[in-house]
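Using the hints, put the two standalone chains together into the complex.
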Amino acid sequence: MSFSKEQLERYSRHIILKEIGVKGQKRLSEAKVLIIGAGGLGAPAALYLAAAGVGRIGIADADRVDLSNLQRQIIHSTNDLGKEKALSAAESMRAINPETRVEAQVCFVSADNIGALVADYDVILDGTDNCPAKFLINDACVLAKKPFSHAGIIRFRGQLMTYVPGQGPCYRCAFREPPPPDAVPTCSQAGVIGAMAGVIGSLQALEAIKYFTGAGTLLTGALLTYDALTQEFRKIRLPRRESCEVCGTHPTITAPFDYAGAVCEIAP
Amino acid sequence: MKIIVGGKFKDYPEGLRLSALIKQENVETPEYVTVALNDDFAEARTFDEIVLKEGDNVEFLYFMGGGGE
Chain A
9 MSFSKEQLER
19 YSRHIILKEI
29 GVKGQKRLSE
39 AKVLIIGAGG
49 LGAPAALYLA
59 AAGVGRIGIA
69 DADRVDLSNL
79 QRQIIHSTND
89 LGKEKALSAA
99 ESMRAINPET
109 RVEAQVCFVS
119 ADNIGALVAD
129 YDVILDGTDN
139 CPAKFLINDA
149 CVLAKKPFSH
159 AGIIRFRGQL
169 MTYVPGQGPC
179 YRCAFREPPP
189 PDAVPTCSQA
199 GVIGAMAGVI
209 GSLQALEAIK
219 YFTGAGTLLT
229 GALLTYDALT
239 QEFRKIRLPR
249 RESCEVCGTH
259 PTITAPFDYA
269 GAVCEIAP
Chain B
150 MKIIVGGKFK
160 DYPEGLRLSA
170 LIKQENVETP
180 EYVTVALNDD
190 FAEARTFDEI
200 VLKEGDNVEF
210 LYFMGGGGE
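In order, the protein sequences belong to chains A and B. The numbering of the first sequence is the working numbering, which starts it at 9 and goes up by one. The numbering of the second sequence is the working numbering, which starts it at 150 and goes up by one.
Don't read these hints as lab results, they were simulated from the structure. Every residue, glycine too, gets a C-beta built ideally from N, C-alpha and C. Honestly, I wouldn't trust all of these hints.
[Said to hold, decoys possible] PhoX-like mimics (lysine-lysine), calculated; alpha carbons at most 25 Å apart, straight line:
1. 243(A) - 157(B)
2. 159(B) - 243(A)
3. 157(B) - 153(A)
[Said to hold, decoys possible] Computed footprint of chain B on chain A, listed as stretches where at least three residues anywhere in the stretch have a Cβ under 8 Å from a Cβ of chain B:
4. 44-57
5. 132-145
6. 165-178
7. 240-248
Bound-form chain B, shown alone (with noise of 0.2 Å):
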């Protein structure tokens, strides 16, 4: 199936679920990421649970705490 993340056109296995996406995706700090899945935050808890479909929009947010210092 394909999926949308960060923007691009991406073809994963059906079934996959949020949780495995992250680690496909080597996603930096995933214990502190910030998923929006289509037009909704997916709760960090639910990772897990959530089964992606054809077309899904993932987007993954970082903290980015400089600026200062």
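Excised from the complex, chain A in its bound form (with noise of 0.2 Å):
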């Protein structure tokens, strides 16, 4: 497939950069993404890859669009209202770039259900609100051997890290296990900065594209952390564990599973 003059023009800016070209944007065209979670991290990836011009994009979530939501998911506006996020979300898509490929799944994540849902895309997107989806993602991403990007936000402080298959660890490698259920403070109970989920979700989107391009070097094996308060970020070393429950040596983990009360978790 070669581009259109209007392609051309369009994906110009990429297209000039030497780390993409005109052969990074085709392989961005041929790319499948899947965002899990239509909120504040998933608005500014979804939007940024669909201006990038990433041809097929999935976008996952079963909630509708709330008022409170509208202070940093910015995918969604106010007439919006009501609507469910995956098909508010693919509306927004659309309109940046009729080119991509949106496929919107009004569902939340499950044992059931992830496993079908990432087959289908070549690097995931973790943009969930609760710990137990976060390690139902990682651990279907790694047994299917797919790329993921993890992150999570909290006030004024966020966090991210790339994992691929084979290079360096995963998610679960550091975290081990979710805290209980109100252990530890989410969004709603702590507050977050709305600015925070575009700067976390665009690095996100970043991580993608360099993935499919090959440009830079990817958030594998580190933790990529970010406080607001005082601008700074920081990478931080995470090493692979080779006792891992689910990419470890002897992996016990074999298949995704749902921690229990996650479902219940999510807000409605």
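Below, the structure is given as structure tokens:
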């Protein structure tokens, strides 16, 4: 496939980059990304990946747009209140770039559906709002040998890491298992600065773009943390854990599973 | 002795245990913190046994569950 004149213009600022070029842009047009969660992190990631010309983007969320979401979930508008987030997000993505094939999945991920969902895509972005879901995504991606970007935000802080099969640790290597419900604060309890979602979600989009184009190095074997109050980014080296239950030498987790109460944790 | 905590040099007395450092540093939700010590993760059940030494590099990693909602 070669690019039309219009496509060359649309993606000209990418194509001019030596790290991307026509070759990299073509790779993006053939790329398939699944974004789990059309919330704070998923919003900027989905917008930037659609704008970047990613060929196929799945966006999974079963929630509906709530007034308290609009402070940070910039893919939804006031007019979208009450609409399914996956559908509202898909509309915004199509409006930015009609060339991207957007697949709205109105569902929460669970052990029952996650295997089939991730199987269809090359890279997965975790934009969920709770720890059990983050472990589910980690396990499913490790087991399916899919690269994924993990991220979390709270208050004025955020962090992310990238897993690529065979290259460094997974999320479970470091964090082992979810804390009990209500043991660590969530954004609805503790708050989060809206632009934090923009920073970290955009970094997730960048990781996906770098993965497909081969530009630079990824956040494999590292946790990037960001503190907005001090404007400090830190890249913390993360070792692999040989005894990891899912990616270690003798894994005990051989299929994705749901932690009890995970579904109830997601506010309607 | 000098140790590195969260990327910054800190002065602590010799013989400091990891569990004591966690208290001194006012770690948030200490029961659920992940500790990377030099190039390894420290097991939570060993926090009280680990005696830190000059030059040790300690990182506290936290759960950040937010992102969607």
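Status of each hint after checking the structure:
The straight-line distance between the Cα atoms of residue 243(A) and residue 157(B) is roughly 13 Å, inside the 25 Å bound, and the hint therefore holds. A C-alpha spacing of about 19 Å is found between residue 159(B) and residue 243(A), which places the hinted pair at or below 25 Å, so the restraint holds. Of the supplied pair hints, the one linking residue 157(B) and residue 153(A) is violated, its CA atoms being roughly 36 Å apart against a limit of 25 Å. For the region 44-57 of chain A, the stated coverage by chain B is satisfied: 6 residues place a CB nearer than 8 Å to a CB of that chain, which reaches the threshold of 3.
Taking a C-beta to C-beta cut-off of 8 Å, the region 132-145 of chain A contributes 7 residues in contact with chain B, enough for the three needed, and the coverage statement holds. Using a Cβ-Cβ cut-off of 8 Å, 3 residues of the region 165-178 of chain A lie near chain B, which meets the minimum of three, so the contact claim holds. Beta-carbon proximity to chain B at under 8 Å applies to 5 residues in the region 240-248 of chain A; the threshold of 3 is reached and the given coverage holds.
The structure does not agree with numbered hint 3 stated previously, though it agrees with all others.
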